[in-house]
Structure formats: structure tokens, C-alpha cells
Amino acid sequence: MPQTANFSSGPAIEIDGLRRTYRTTTGTLRRRRLEVEAVRGISLEVGRGELFGLLGPNGAGKTTTIRVLCTLLLPTSGVVRVLGHDVVQDAREVRRRIGYVFGGDRGLYDRLSALDNLRYFAELYALEPSHLRSRIDEVLEMVGLKGRERERVEGFSRGMRQRLHLARGLLHDPPVLFFDEPTIGVDPVGAREVRQLIGDLAKAGKTVLLTTHYMFEADSLCDRIAVISRGRIVAEGTPKDLKSAASDRTVVEVEAYGVDEAILARMRALEGVESVAMEVRDQAQLLLVQARQADQLTARLLQLLEGIRVERIAAREPTLEDAYVALVTQE
Amino acid sequence: MLFTGWFYQLKMQAQSGFMVMTALIQPLIFASIAMADQQAGNRTLPLLYYALGAGIMGIWSTVVFGCGGVISWQRHQGMLEPLVMAPAPFVLVLMGITLGTATVGLYSMAATLLWGWLVFGAHLHLASPGLFAAAALITVVSLGLLGLVMGSSFVLYRNSNAISNMLEYPVWLITGLLVPLSLLPGWTHPLAYVLAPTWGVQALRAAALGGQASIPIVWCLVASTGYLLLGVWLVHVVEVRARRHATLNFQ
Ligand SMILES: Nc1ncnc2c1ncn2[C@@H]1O[C@H](COP(=O)(O)OP(=O)(O)OP(=O)(O)O)[C@@H](O)[C@H]1O
Ligand SMILES: [Mg+2]
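Note that the protein sequences, when read in sequence, are chains A and D. Everything in the first sequence is counted per numbering that gives the first Met the number 0, starting at 0 for the first residue and increasing by one. Everything in the second sequence is counted per numbering that gives the first Met the number 0, starting at 0 for the first residue and increasing by one.
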């Protein structure tokens with residue numbers, strides 16, 4: 000469709016009605032065919048220079064969507080374009096213009112040094128030999144691996160590998176970048192640097208599509224966010240939009256000892272309560288109660304918790320995380 | 000691009016104990032048996048003839064093990080996605096790897112020659128050193144390209160490792176590395192003619208011991224061209240299938 004392709008202006012990423020099904024087989028003796036609908040009709044546009052976040056629970060279809068954008072998977076149906084180039088018809092053109100950084104520690108040649116890994120990929124991306132070395136130095140500096148580049152990747156820690164992934168994704172200075180959980184396995188200080196780097200890239204005009212499970216990361220970085228659940232977009236907007244959708248909610252956090260299932264069930268049955276999540280940390284139980292138009296929620300909860308040691312109970316403003324939890328637990 | 004791929008592959012594989020062992024141990028054993036047999040008077044051809052055959056056996060083993068599973072191995076390392084995603088044609092990327100692997104096989108050529116000379120006192124005099132070098136180069140290239148064909152066709156089937164294992168010995172036999180082609184039944188000849196080791200070993204033996212090296216060299220080139228075309232097509236099929244069936248990564 001050349002009349003609709005728009006290479007020089009128009010959105011950086013266009014996804015129209017994307018579906019992707021996986022076929023797998025299960026069982027050893029009686030093989031059964033299984034179809035997983037990982038993405039079921041996603042449409043979305045990301046503008047040039049925008050930093051866009053994809054949020055969603057495990058298995059929601061985020062990585063699948065990114066892999067289609069990166070030409071690693073063919074769509075089952077739908078149209079997907081990057082800078083006007085179709086990921087099916089013009090994979091080569093798309094590949095030249097994108098960088099993909101995925102979480103995890105594989106995907107590097109262990110027996111080669113960091114420098115050799117980068118040199119090899121510089122060649123695959125047809126970087127000018129004349130400023131290859133200076134570009135490699137630049138990205139090593141950016142990701143904080145300067146000085147370690149001659150060591151073999153074998154001896155790299157998880158965080159260092161992740162940085163090398165980043166360096167490789169940035170090597171050819173692509174205008175569109177995909178980050179799939181880029182701070183996974185990176186220590187807190189390092190993660191902050193990575194976030195800073197991603198923010199800087201966006202400021203420098205790069206288009207960034209990011210997935211993360213860290214809500215504060217999405218909140219602090221993204222211009223816009225889409226929440227995906229079970230292969231569909233369930234909400235889209237700025238972090239502020241999403242938070243305000245949850246603004247009629249009250250969130251109460253409780254730290255207690257000895258809450259049992261029966262009490263949880265009674266809490267869930269309380270009028271106005273939308274969700275109750277419990278997390279056990281050391282001995283203590285952390286309850287997160289979300290409610291809508293709930294008067295006196297704290298008092299009513301305390302009533303239910305009579306006879307139980309309550310260390311702390313407090314109501315607070317909903318965060319992006321609360322908005323997210325509300326969205327993905329709706330169905 | 001091809002060169003860089005070749006270079007780094009060589010760098011990695013040369014450090015791999017397994018690949019070096021594959022390239023060295025078996026060929027040395029076979030070379031020793033054949034040369035000892037010759038010295039006992041049971042064989043009539045010069046020692047160098049057997050050393051060269053064993054050397055090619057080593058290159059072939061390296062190619063079978065290194066290239067047959069090349070795609071699964073890259074996938075296992077998580078490298079398949081980044082390699083496919085790079086704008087360089089995937090077939091060139093793979094070719095760099097398979098050519099690098101075949102080059103590692105030169106270890107075994109060097110080793111069997113050295114072994115023959117040191118232990119059995121084989122004369123390493125080459126009838127025509129220039130042709131010998133050319134024949135060695137073309138042999139390595141053609142085996143690397145054959146590796147590309149194997150590497151890309153085996154992934155289309157399950158148990159590609161089993162196929163690789165099955166191929167090692169029969170090819171040694173059929174291509175005349177162990178015994179002259181003329182001793183083999185006629186039905187094996189067509190198979191031999193499409194396999195590059197057949198021509199490679201003939202070219203090397205002719206260049207080393209005197210004889211017509213250029214004819215087998217030409218056939219080696221013809222076979223290489225065939226492998227190249229087949230490889231380009233197969234790799235394309237493999238890439239499209241992998242993108243459709245989501246088999247570029249381990250889940
Ligand atoms: N190669 C595959 N073969 C079969 N099923 C797959 C494959 N890859 C993903 N899936 C399935 O597709 C669905 C979506 O997976 P996907 O990896 O896109 O989720 P995600 O949103 O990235 O999750 P996470 O947050 O855990 O990374 C899941 O149900 C997953 O099991
Ligand atoms: Mg994922």
C-alpha cells in the first residue's frame with residue numbers, strides 16, 4: 000500500500016489490528032495441538048520521539064508485540080509498520096532503523112570480549128569502519144562498561160551483560176528503540192542509570208517503546224502508556240490519565256499478623272471493595288485493599304481485623320500501580 | 000562482513016576444546032592406522048596420500064559437528080534473534096560461521112601431515128605447492144558451504160543431531176578418503192560426485208603427489224556454487240519458517 004506508507008513524517012510505530020497466535024503441542028504420548036492467542040487485535044500508534052510504555056501482567060503479549068515490531072515474528076494478521084516500513088514486506092528496512100534490547104543474560108558470545116561482540120555486530124549493521132572504534136567507545140561510555148571491554152563476556156555479571164545488550168542496541172544509533180524489561184537484573188544504582196539513559200535517548204529525539212513491570216519506571220519515564228491484558232489493550236493514555244481513572248478509588252494498606260482466608264473473603268465482600276491483595280513479607284502480611292466510593296473504609300476494615308495484631312493501617316492516594324492493578328484485575 | 004564473521008567464529012571455535020579434539024583425535028588415529036598398514040607393506044600408495052585423506056576426514060568431522068547444528072547452537076546461546084534482526088543478510092551471517100568452522104578443520108590437516116612426518120617419516124614434498132594451497136583453500140570453502148546447506152536443512156527436521164552423527168562415517172567412506180573410489184560399488188559414485196570432500200581430496204592428492212589437480216578443483220568449485228545457491232534458498236526458507244513458527248528463541 001504505497002499510498003499510505005509514510006516514511007518521512009507520520010507516526011514512528013503503527014500497529015493496526017495485530018493478532019498473533021502460537022501453535023504448540025502438549026503431551027508426549029497423545030500429542031494435542033494447542034493454540035495460544037497471545038495478541039488478539041492490538042491497534043496503537045507511537046509518535047516520533049515519543050517514549051511509550053507497554054504494561055501488562057505476565058503473558059499479556061508485550062514481548063510478542065515487540066518481537067513482531069522487530070521482525071522476529073510474523074503477524075498472524077494485521078498491519079505493522081515502523082517509520083512507514085512494513086515489518087513483513089520491508090523487514091530489511093525496518094531492521095536498519097531499530098534497536099532491540101531485551102532483558103536477560105543470553106544473546107551474547109561468551110567466548111568473545113565485549114569489544115569483539117560489539118565489533119561483530121558493528122559489522123552486521125554496516126557501520127563505517129572509520130568511526131567504528133569511536134562509536135564503540137561512545138556506547139561503552141554510555142552504558143558504563145568503559146574499561147571492561149577487553150574482558151570476555153563469560154566473566155560478566157548479569158547486570159554487565161544487560162549493559163552490553165544496551166550497548167549493542169544503541170551501536171548503530173537507530174531512530175527507534177525497543178526495550179523489553181531493560182532494567183531486569185541490574186542493581187538499583189545501575190537501573191537508575193539505565194532509566195536516565197532511556198530518558199536521554201528520548202530527549203535526543205529517539206522513539207522508544209518500553210515494557211516494564213516496575214510502575215514507577217513507567218510513571219517517571221513514559222509520555223504515554225498502554226496497558227495490555229490477555230492480548231488486548233485495556234487502557235491507553237498518559238500516566239496522569241491512567242491515575243485519574245483510578246482517582247475515585249481509595250487504597251488502604253494494612254500491615255498485620257495472622258490474617259486468614261476467611262477474613263480476606265469477608266474483606267472482599269465489603270461494600271465498595273474492588274480488590275484485596277496480600278503479600279507476605281518476613282512474618283508480616285501486607286494487605287492492599289482497593290475500594291471505590293468507600294466511606295469509612297479504614298474503620299470497617301479494622302472492625303473485621305478485630306483480635307488480630309495490626310501493625311499499621313493507612314489510606315493513601317492511588318498510584319499508577321493501583322490504577323494498573325485495578326485495570327488488569329477487572330476481568 | 001563475511002570476513003568478520005569468519006574471523007570471530009574462528010576465534011571462538013579455536014578456543015573450543017571440543018572442536019579442536021574433533022579435528023585432531025580421530026584423524027590422527029585413522030592416519031596412524033593407514034600409515035602403519037602401508038609401512039607393513041599392505042598398501043602401495045605414498046604415506047602422504049593417507050595423511051591427506053585423514054586430514055580431510057578431520058575437516059569433514061568439524062563441519063558435520065560444527066555446522067550441522069549451527070542454527071540450534073546459535074539459538075541455544077540466544078544469538079539467533081540478534082543475528083536475524085541485524086540488517087545483514089542472514090545467509091551471509093551463517094556462511095561466516097560455517098566457513099569459520101571449516102577453517103578450524105585445517106588443524107587436522109596440519110596435524111595429520113605433521114604426525115605423518117614426525118612419526119612415520121612421510122615425505123612432505125609437494126609436487127606443486129601453489130596448486131596445493133589453492134586446493135586447500137577451495138576445499139575448505141566448499142566444505143564450509145556444504146556446512147551451510149546442512150546447517151540450514153537439518154533445522155527443518157527434528158533430531159538434527161542424530162542426522163549429523165549418522166553422516167560422519169559414511170561420507171568418509173563414500174568420498175574416497177579411506178579407500179580409493181574405484182574400490183567402492185558403482186552406486187555410490189553419484190553420491191560421491193555431489194560431495195565436495197571427494198573433489199577436495201583428489202585435488203589435494205594430485206597437487207601433492209603429482210597429477211591433474213585442476214580438474215577436481217573445477218569440480219570442487221562447481222559443487223560449491225551448487226551449495227551456495229541451495230544454501231541461499233534454504234536459509235531463506237528457514238528464516239521465514241522461524242518467524243512464522245516462533246522458533247528463533249527458546250521459550
Ligand atoms: N514461542 C512461543 N510458543 C508458544 N507460546 C508462546 C511463545 N511465546 C509466547 N507464548 C505465549 O504467548 C503469551 C504471551 O507471551 P508474551 O511473552 O508476549 O507475554 P509478555 O506480556 O511479554 O509476558 P512477560 O511479562 O511475562 O514477559 C503467553 O501465554 C505465552 O505463554
Ligand atoms: Mg515479556
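Worth double-checking, as some hints may not be accurate.
[As the list claims (entries may be wrong)] Examples of chain A residues lying across from chain D (beta carbon under 7 angstroms, computed):
1. F6
2. R39
3. L71
4. R94
5. Y99
6. G106
7. Y119
8. L126
9. V188
10. R191
11. R194
12. F215
[Stated by the list, open to error] Here are the simulated distance ranges between beta carbons:
13. R229/A / R243/D: 15 to 25 angstroms
14. A298/A / R243/D: 50 to 60 angstroms
15. A276/A / Q14/D: 42 to 52 angstroms
What the hints contain is simulated information worked out from the structure, not anything from laboratory work. Glycine included, every Cβ here is placed at the ideal spot set by N, Cα and C.
To see whether the hints hold, each was checked on the structure:
At about 16 angstroms, the closest approach between the beta carbon of F6/A and any beta carbon in chain D exceeds 7 angstroms, and the interface hint on this residue is violated. Below 7 angstroms, beta-carbon pairs count as interface contacts, and R39/A has none with chain D, the closest being about 16 angstroms; its hint is therefore violated. The restraint placing L71/A at the interface with chain D holds, with a minimum CB-CB distance near 5 angstroms, inside the 7 angstroms limit. About 4 angstroms separates the beta-carbon of R94/A from the nearest beta-carbon of chain D, less than 7 angstroms, and the hint is met.
A cut of 7 angstroms between beta carbons decides the hint on Y99/A: the least distance to chain D is about 6 angstroms, and the hint holds. The restraint placing G106/A at the interface with chain D holds, with a minimum CB-CB distance near 4 angstroms, inside the 7 angstroms limit. Interface hint at Y119/A: satisfied, since its Cβ lies 5 angstroms from the closest Cβ of chain D, which is below the 7 angstroms cut-off. At a threshold of 7 angstroms, the smallest CB-CB gap from L126/A to chain D is about 11 angstroms, leaving the interface hint violated.
The criterion of a C-beta within 7 angstroms of any C-beta in chain D is not met by V188/A, whose closest approach is roughly 26 angstroms, and the hint is violated. Below 7 angstroms, beta-carbon pairs count as interface contacts, and R191/A has none with chain D, the closest being about 26 angstroms; its hint is therefore violated. The beta carbon of R194/A is not positioned within 7 angstroms of any beta carbon in chain D (closest approach about 23 angstroms), and the interface hint is therefore violated. Nearest Cβ of chain D to the Cβ of F215/A: about 29 angstroms, over the 7 angstroms cut. The hint is violated.
At roughly 23 angstroms, the beta carbons of R229/A and R243/D sit within the given window of 15 to 25 angstroms. Judged by the Cβ atoms, the range 50 to 60 angstroms given for A298/A and R243/D holds: they are separated by roughly 58 angstroms. Evaluation of the 42 to 52 angstroms hint for A276/A and Q14/D yields a pass: the beta carbon distance comes to about 50 angstroms.
Violated hints for the displayed structure, listed by number in ascending order: 1, 2, 8, 9, 10, 11, 12.
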